[in-house]
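Engineer: Residue numbers (my numbering), protein chains in the order written: chain A, 1 to 256; chain B, 257 to 477.
It cannot be assumed that every hint is accurate.
[What the hints assert, rightly or not] Dumping the calculated DMTMM-like pairs for lysine to aspartate or glutamate here, alpha-carbon to alpha-carbon at most 20 Å:
no.: 1; chain 1: B; residue 1: 320; chain 2: A; residue 2: 2
no.: 2; chain 1: B; residue 1: 320; chain 2: B; residue 2: 456
no.: 3; chain 1: B; residue 1: 320; chain 2: B; residue 2: 343
no.: 4; chain 1: B; residue 1: 357; chain 2: A; residue 2: 2
no.: 5; chain 1: A; residue 1: 15; chain 2: B; residue 2: 343
Hints are computed from structural coordinates only; laboratory data are not their basis.
No experiment lies behind these values; they were computed from the predicted model shown.
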Amino acid sequence: MDPFRLTLTTLFARKSWVLVFLLAVALPIVLPYFTPWEANTKLLQPARAQTTWTVTWLAGVLWTLSQAARFGDNNSRTGIGAYFRSQGCGPLKQIFGIWSAVMLFLLPVVACAVVVCLAFAMPADSGEASMWIVTNLQFAVLFLLTIGPLALLGVGLASRFGSLIGYIVPASLCLYGLYGVDYLGMTVKMRDNPALEWVYALSPQYRLADLTPRLIFKMGHLPATDFLIYLLYFTMVTFVVGAAATLFFRTEPLRN
Amino acid sequence: MTDSTNSPKMADLTLSEGFGIGYNSLLAEVPEEIRLQNGTHFLLARNGRGKTTLLKTLSGLLAKRRGGYRTTGRCQFVGDDLSFDRELSARLVFGSLIPRKRRKDALAMAAKLELDVRKPFRKLSFGNRKKVGLVVAEFRLRDDEPNIIFYDEPFTGLDTPARETVRQRWEETREDVLRVVSCHPDFDAMSMPKALLISDGKIFRAGDGTRTWADLKNLLN
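Okay, chain A solo, but in the shape it has when bound (with noise of 0.2 Å):
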């Protein structure tokens, strides 16, 4: 409990989760009506929940992650890390401590995307409405699970090698799954090449959870089988990541 509550007291003297909710609340309200929305009213419900979920997943890669990896980089440097493992507090304890602190900062953020969607662009229709709910929620399921390991990943990568790395290479990893996965996929389908073809397969498909296209044009919720199997796959890989992070974790730095 002493790294998640020491995490939490950190969090929140640092301010910055002010500045993030707040620019989560106000940018998916406010960004909106600089398009020309006038043209076409019915635009801006779209326009706004495209805004807030890219506002998330800016919120995720660039504040949860960066966090993320300064508290495992401070856990081991400061010798907190040591401090608490004396006390019998191992590492797997004090690596899922910080994740959570961090972790329980960006729940808010995500329930802001939620309330954010359903409130100010929710379809006037009731059966789109209902669906409309739905593609959110699952959207933030899929979210946690992709921001929620990398994150994970970040503390692990960071407490051994600096905050730097630790965060770089989640970020990368996110961005990568979220966009590169897509040109590769383009790639392997247009030559024969096996070896891209094993780096595709293995590859997070981080693409897969954002359910961006699916509310810009209203294609409904994802159906339950495929919901359920996105969540298997992404719960595998939740395991593969956080069994890195938790390998990478050191509660002292790599020269002791």
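Mind docking chain B on chain A? Use the hints.
Structural biologist: Coordinates of chain B only, in the frame set by chain A:
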């Protein structure tokens, strides 16, 4: 030394004969069994002789090279590099790490040490930063079990009044805690009731309660 291991508050630290420490090779070993109980035990050695290595090994942070040791009690290792987040004030650190019922006492000790508990950690001087870790360790003791604190050079950066405040606290709670305190032998006038020494690759006890650091310094190599 009186044997009172039956007391629920009595901590025990036994370094068996042949117990050896070191990273890649043997740095020092115990030629004769050493047994320590509640009270303050200073650990003296010159640079690079294994003070920190011994404390980390006893805290379970490093693997021993050979032999064995036994600790009875809840350990805390307070490293000389222990620090907290730049934005955290001592008050917030105490709030998250010290049990509620002890916080008032912790703040009282911080006041005695002239530690500004409202200042962010980054604005504290080196000595004042050390005080934060000291106060945390002192007030995280458990009531229901024996306590062992390993301090790695806690006096570095502390002025004489602060050192005296700390030593006074240790004197007041000597029946409740086993403390092993590594120091450079630089404070010649301080009395040295019990001491562990590391010299010539050997870890041994010295001091009969009447010596000063200046006396013990002559035993070091």
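Engineer: Which constraints among the numbered hints does this structure fail? Numbers only, ascending.
Structural biologist: Hints 1 and 3 contradicted; others consistent.
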